[in-house]
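Residues per chain are reported as follows:
Number of protein chains: 2
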Amino acid sequence: MTLRIVEIFGPTVQGEGALIGEATVFVRAGGCDYRCSWCDSLHAVDSQYRHTWLPMSDDAVMDEVRRLSGGRPLTVSISGGNPAIQDFAPLIALGKVEGYRFACETQGSVSQPWFADLDTLVLSPKPPSSGETVDWDKFDACVQMSKGCGQAVMKIVIFDDTDYVWAKEAAARYPEMPLYLQPGNLEVDPDLPVNLEDATDRLRQLIEKTTGDGWFAPRILPQLHVLVWGNKRGV
Amino acid sequence: MTLRIVEIFGPTVQGEGALIGEATVFVRAGGCDYRCSWCDSLHAVDSQYRHTWLPMSDDAVMDEVRRLSGGRPLTVSISGGNPAIQDFAPLIALGKVEGYRFACETQGSVSQPWFADLDTLVLSPKPPSSGETVDWDKFDACVQMSKGCGQAVMKIVIFDDTDYVWAKEAAARYPEMPLYLQPGNLEVDPDLPVNLEDATDRLRQLIEKTTGDGWFAPRILPQLHVLVWGNKRGV
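Just so you know, the sequences run in chain order A and B. Take 16 as the starting number for the first sequence in our numbering and just add one per residue. Take 16 as the starting number for the second sequence in our numbering and just add one per residue.
If you're looking for bench data, these hints aren't it; they were derived computationally from the structure. Source: prediction; values computed, not measured. Just so you know, not all the hints are guaranteed correct.
Partial chain A-side listing against chain B, Cβ under 7 Å, derived [as the list claims (entries may be wrong)]: (1) 28; (2) 37; (3) 89; (4) 218; (5) 234; (6) 242.
Think about it this way: if two alpha-carbon atoms lie no more than 35 Å apart in a straight line, the pair counts; the simulated DSBU-like pairs of lysine-lysine are [unchecked claim]: (7) 183(A) <-> 153(A); (8) 247(A) <-> 247(B); (9) 162(A) <-> 111(B); (10) 183(B) <-> 247(A); (11) 224(A) <-> 111(B); (12) 162(B) <-> 224(B); (13) 224(B) <-> 247(A); (14) 111(A) <-> 183(B); (15) 153(A) <-> 247(A); (16) 162(B) <-> 162(A); (17) 224(B) <-> 111(A); (18) 183(B) <-> 224(B); (19) 247(B) <-> 224(A); (20) 183(A) <-> 224(A).
Built from N, CA and C at the ideal position, the CB exists for glycine as well.
The shape of chain A in the complex, shown without the other chains:
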């Protein structure tokens, strides 16, 4: 199997969602069926960057994961782009034999049988501000496929009040799924510093809105990596 890989980096910690703070090596896959208006990973999405993506065999990816982690098993997060447009089953099988755990983050537009092999599947349906529209039948198929995995969770990024109302409705569709909300980040230029006051202020506003509303189900988290490293790549 040949994979289109944008970058492999780490070990660092997962910056967001269910595994926040966990030691992780990231495998970023190239290509995406979405074009979110506020995408923070366009270098893994837009075909103008395609020449920077490397065709790699499963073995070559696993070799690099092993090298970066010194052969000590940890969580490998398969991100993108939308990794679900490629077949990560062979990579997951290779790594699990050695004790590596696998997480994957995807918007839920494409279902894959290998979702069931994951330790953690993060389904991240995109709210209205993205400019994309969720196909809930396809999302449902992803949820169904995740039944066999370790844990499946939902993560929604909130940029504005419309997104917030939408997130509540989306969450109501899947009352059993753990839910994570995070404030949207419009400062995505890797060459510009992030304003920490603004970033923590957006988090505070989302916390106050949600708890003030009596909506206690979601966990509300920042993007830790943005607070710590700004939008620098490879951390």
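Given chain A, put chain B in place with the hints provided.
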């Protein structure tokens, strides 16, 4: 049962550890058997503040939790001080009937039968920089008592390299317990602003040290509430 209560506040989100980001009402208990050098809650520890602690019945505490949460069940975090020097069994029983979940954070110096009634027990042994010395027999007793609870986790605050080495040894005693590390915070004056650059820098350093060391077991998290609200009380 009469409890010594410093403050009851929320709903806000849990700022640290295993439940980071989760909607929570905090019940802060007064009194502590430790005097950590860098304590960030001296108003709940030092007897000079004792006149500010309220004697409250279990029913009165539960009434206030219910009022703050609008009667919607959420996580109640029992903190301190060291809450384990009081009897929270009746409060937990009252709340669980209504669907509230209970977490408790304690240093592990005093074991209580009601640990088994908790959804989450956070045992936070204090590293050398605290000036306290952990009695591991007593800590073991807490771990044993927690067997019946939903989840028991260990959280260690790291101020310096000595703490870091100590944390590794402490973690090795309990390889089965999920472990959370957080960088220490020396800016604890509620009237002074927190320097966000410094706080995120301490987090970055701890992440880099731990992952660089190939120590992948702990999750490394900040104190979110400090990033968002500084050391302001009641949030």
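* Asked: Quick check: which numbered hints come out false for this structure?
  -> none
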